[in-house]
Amino acid sequence: MKKVITYGTFDLLHWGHINLLKRAKELGDYLIVAISTDEFNEIKNKKAYYPYEQRKMILEAVRYVDEVIPENEWEQKAKDIVNYKVDLLVMGDDWKGKFDSLAQYCEIVYLPRTANISTTKIKNELLLANAY
1 MKKVITYGTF DLLHWGHINL LKRAKELGDY LIVAISTDEF NEIKNKKAYY PYEQRKMILE
61 AVRYVDEVIP ENEWEQKAKD IVNYKVDLLV MGDDWKGKFD SLAQYCEIVY LPRTANISTT
121 KIKNELLLAN AY
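Per UniProt numbering, the sequence shown runs over residues 1 to 132.
Calculated directly from the structure, the hints in this document are not laboratory data. Among the hints, erroneous ones may be present.
[What the hints assert, rightly or not] Each computed DMTMM-like pair below joins lysine to aspartate or glutamate, with the alpha-carbon atoms no more than 25 Å apart: (1) Lys85 x Glu26; (2) Lys123 x Glu71; (3) Lys79 x Asp94; (4) Lys85 x Glu125; (5) Lys96 x Glu107; (6) Lys25 x Glu71; (7) Lys47 x Glu125; (8) Lys85 x Glu71; (9) Lys96 x Glu73; (10) Lys98 x Asp80; (11) Lys25 x Asp93; (12) Lys47 x Glu60; (13) Lys96 x Glu75; (14) Lys22 x Glu71; (15) Lys22 x Glu42; (16) Lys25 x Asp100; (17) Lys85 x Glu107; (18) Lys44 x Asp80; (19) Lys56 x Asp29; (20) Lys46 x Asp94; (21) Lys47 x Glu107; (22) Lys44 x Glu26; (23) Lys2 x Glu60; (24) Lys2 x Glu125; (25) Lys22 x Glu107; (26) Lys44 x Glu60; (27) Lys121 x Asp93; (28) Lys47 x Glu71; (29) Lys121 x Asp38; (30) Lys79 x Glu67; (31) Lys121 x Glu71; (32) Lys79 x Glu125; (33) Lys25 x Glu60; (34) Lys85 x Glu67.
Computed from a prediction, not measured in an experiment: that's the story for all the values here.
Given the sequences, and given the hints that come with them, work out the whole structure.
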């Protein structure tokens, strides 16, 4: 069984997220999604609309996702890869090269982002819509 893992905040789940999860799942048999906890988001200066437990519940309902785990710190990726016996790390290509050091543990694939969609874009558009 080929295990795949990906990481993210996965706030305001949208078709770009689904596209990433679908493509990640197609690269293996079992997809683990590590989502940033609220505490880790604070360290990253990010604010999710939904709290961790709700984002986890949403992702668990996506058919491509086999398991959801918390991401608590940057350094845990290597530990997760070893502990979960992961064969492939999948990240969006906006992270290209940032996790190459993990190649000693597993294969790494950077997938192209889905064009014209992001959580930041959605939040900005909602802010603009509410300004009028």
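Status of the hints after comparison with the structure:
1. Lys85 x Glu26: Given that 25 Å is the threshold and the Cα spacing comes to 18 Å, the pair holds.
2. Lys123 x Glu71: 23 Å, holds
3. Lys79 x Asp94: Cα-Cα ~23 Å, so holds.
4. Lys85 x Glu125: 40 Å, violated
5. Lys96 x Glu107: Holds: Lys96 and Glu107 sit about 13 Å apart, inside 25 Å.
6. Lys25 x Glu71: 19 Å, holds
7. Lys47 x Glu125: 16 Å, holds
8. Lys85 x Glu71: 17 Å, holds
9. Lys96 x Glu73: 19 Å, holds
10. Lys98 x Asp80: Measuring from Cα to Cα gives roughly 17 Å; hence the hint holds.
11. Lys25 x Asp93: 17 Å, holds
12. Lys47 x Glu60: 21 Å, holds
13. Lys96 x Glu75: 17 Å, holds
14. Lys22 x Glu71: Answer holds: Lys22 to Glu71 is near 20 Å, not above 25 Å.
15. Lys22 x Glu42: The hint is violated at about 28 Å.
16. Lys25 x Asp100: 20 Å, holds
17. Lys85 x Glu107: 12 Å, holds
18. Lys44 x Asp80: 19 Å, holds
19. Lys56 x Asp29: 20 Å, holds
20. Lys46 x Asp94: OK: Lys46 and Asp94 at ~17 Å, within 25 Å.
21. Lys47 x Glu107: 30 Å, violated
22. Lys44 x Glu26: 29 Å, violated
23. Lys2 x Glu60: 19 Å, holds
24. Lys2 x Glu125: 39 Å, violated
25. Lys22 x Glu107: 18 Å, holds
26. Lys44 x Glu60: 24 Å, holds
27. Lys121 x Asp93: Holds, at about 17 Å.
28. Lys47 x Glu71: 15 Å, holds
29. Lys121 x Asp38: 20 Å, holds
30. Lys79 x Glu67: The given pair, whose Cα atoms are some 16 Å apart, holds under the 25 Å limit.
31. Lys121 x Glu71: 23 Å, holds
32. Lys79 x Glu125: 37 Å, violated
33. Lys25 x Glu60: 14 Å, holds
34. Lys85 x Glu67: 13 Å, holds
Hints 4, 15, 21, 22, 24 and 32, counting from the list given before, are not met by this structure.
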